[in-house]
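> Protein sequences, first through last, are from chains A and B.
The first sequence begins at 1 in our numbering and counts up by one.
The second sequence begins at 1 in our numbering and counts up by one.
These aren't lab readings, by the way, just hints derived from the structure by calculation.
Beta carbons are placed, not taken as given, at the ideal position from N, Cα and C, and that holds for glycine.
Do not take every clue at face value.
[Unchecked claim] Reference listing, derived: stretches of chain B covered by chain A, where coverage requires no fewer than 3 residues with Cβ under 8 Å from a Cβ of chain A:
1. 79-86
2. 211-222
3. 229-242
4. 275-284
[Said to hold, decoys possible] Facing chain A, from chain B, some residues (calculated, C-beta under 10 Å):
5. F89
6. R92
7. V94
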Amino acid sequence: MTSLGGLPVGTAVAILVMVVVPIVTYLLYRIDHQRGDGRVTVLGKR
Amino acid sequence: MSEAQLQATFGLFVVVLLSIGLYFFFTTETKRLSDYMLADRDVGTVPIAISEVTAVASGWTFFAWVGIGFTVGMSGLWFSITMVLIVLFLYRFVAPRFRRTSEALGSQTVVDHLASTFDDHRLGPVIRLVGTVTIVVFLMSYIGAQIIAIGEAMDVGLGIPYTTAILIGGLAVAFYTTLGGFNASVTAHLLMGSLVIVAAILVPIGMVLEIGGWSAFVSEASAVDPALLTMTGGDAGTALLIAVLSWVTFAAGAIGQPHGLMRFQAIRSERIISRASVIAVAFQSLRLTVPLIMGAAGRVLYDGADVHHENVAMHAIIDIFPSWLAGLLLAGIIGAILSTSDSMMIVTSADVTRFYEEHLNPDATERELILFGRGVVLAAALIGIALAYVRPGTIFDIIEFAFVGLGASLGMPLAAVVIWEKTTAEGVFATIIVGLLGSVGNLYLFADYFPILVWPVAIATLVLVSVATYDGRGQYADERTVPTD
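Using the sequences and the hints given, assemble the complete structure.
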């Protein structure tokens, strides 16, 4: 069973995770930025 | 392709590196040890993020990790996913408080932080001693692996004999680090990190195009080895479980690479940690995914050829790209290795110097300490060169041993000290010992299960000993180590 450019499903999902994690990191940064001075405010510990 | 052109491009790169060291030696007023070791805790977002990744990117990105892509294929992504999640965890859960408490304590490294946290405890000095021994054991191995990679890269890529190459590479990095300290290290990382990003994008594209495009790559890689592009690596049942656990526990070492964590202590402000995490996580994702594709593509291009699996990227760069670009890409790759080496030398130097200051010569002046620190950097480079000459294992083998050992013995106690207030000096001390001996024991007595066994033992030690010795007053009880914002 293949997907995403012919790669096996498991590999495609793994690569997708590697792409999504930086995007999530960016969204968390945007939340931190909007809530104050940029310090970690969500999903973290100050 | 002209070997002379390649050597000229790389030679220019080495000159730039040495100039960076000289620049900071002559222009920076390095009067205090913290100026030399942590650039006076004033490093900005981009340099700190790029430097944090480049500090650990090392020979494994373009050598060991490409070799894994070549031999076992994309199943290495189990490692990549685990590591990138740990990096995110470090930035959001560990870095803010670590930065703050590090400044309050005046700590300069992970070992220094652990020892300083328990400064008033009878085990404080012992934690510094065993921590420093642990740093020397694992980081010297790690530096040796980096210099092997430097030798391979210059040998294969530039035609410089291996022995000459390890001498040139080892001494060049020692020279600019000795002179410029952390400032030179971070600046050089910015340059090298940028080249690594360029290489990480161009090289796999060039290799896949050389095969005939993405579809050709997928079909030919699957034809060479049907398991190469799968997440199982061809394993099933218990073998698959052990393989996945091996990758995940290997990646767990990311929690405590002292040369990377040191960047959190040097960052200008806690307010830029979240922003820096975006760059660092994106860079990590790129450099942990792309080399596996390069390795798999290399399997198609070089299957059956007389090419060592860890040198595939070097051969591909020379075979595919024009010489000026190949020279630049090789400089980036060798630069990544140099940058890891300089970070490790700085950490080793900082810890040995702090030990010297605390226990051997408490009256030493700042000038004497800086001089001593520079001497340790040079000694670390020479030992690394000697190890590279002996070559005790493959680059991957040595990196795996050191990476896991550092994470289990130092990284986990540091994370615990920062986020779990019931962590005790006894728990930290026991975990460093168990992490050090457990890593060696797991490797030599149960090699088939390395590094799966060391983690549960180290975690159990940390939790059980801390709970058993916790007296209701955590290390943060006096607020000294956790200043308010």
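> Now, for every hint given, state plainly whether the structure supports it.
Right, here's what the structure says about each hint:
1. 79-86: Contact hint for the stretch 79-86 of chain B vs chain A: holds, 4 residues under 8 Å.
2. 211-222: holds (count 4)
3. 229-242: Check passed, 4 qualifying residues.
4. 275-284: This one holds; 5 residues, not fewer than the three required, reach chain A with a Cβ under 8 Å.
5. F89: holds, 9 Å
6. R92: holds, 3 Å
7. V94: holds, 8 Å
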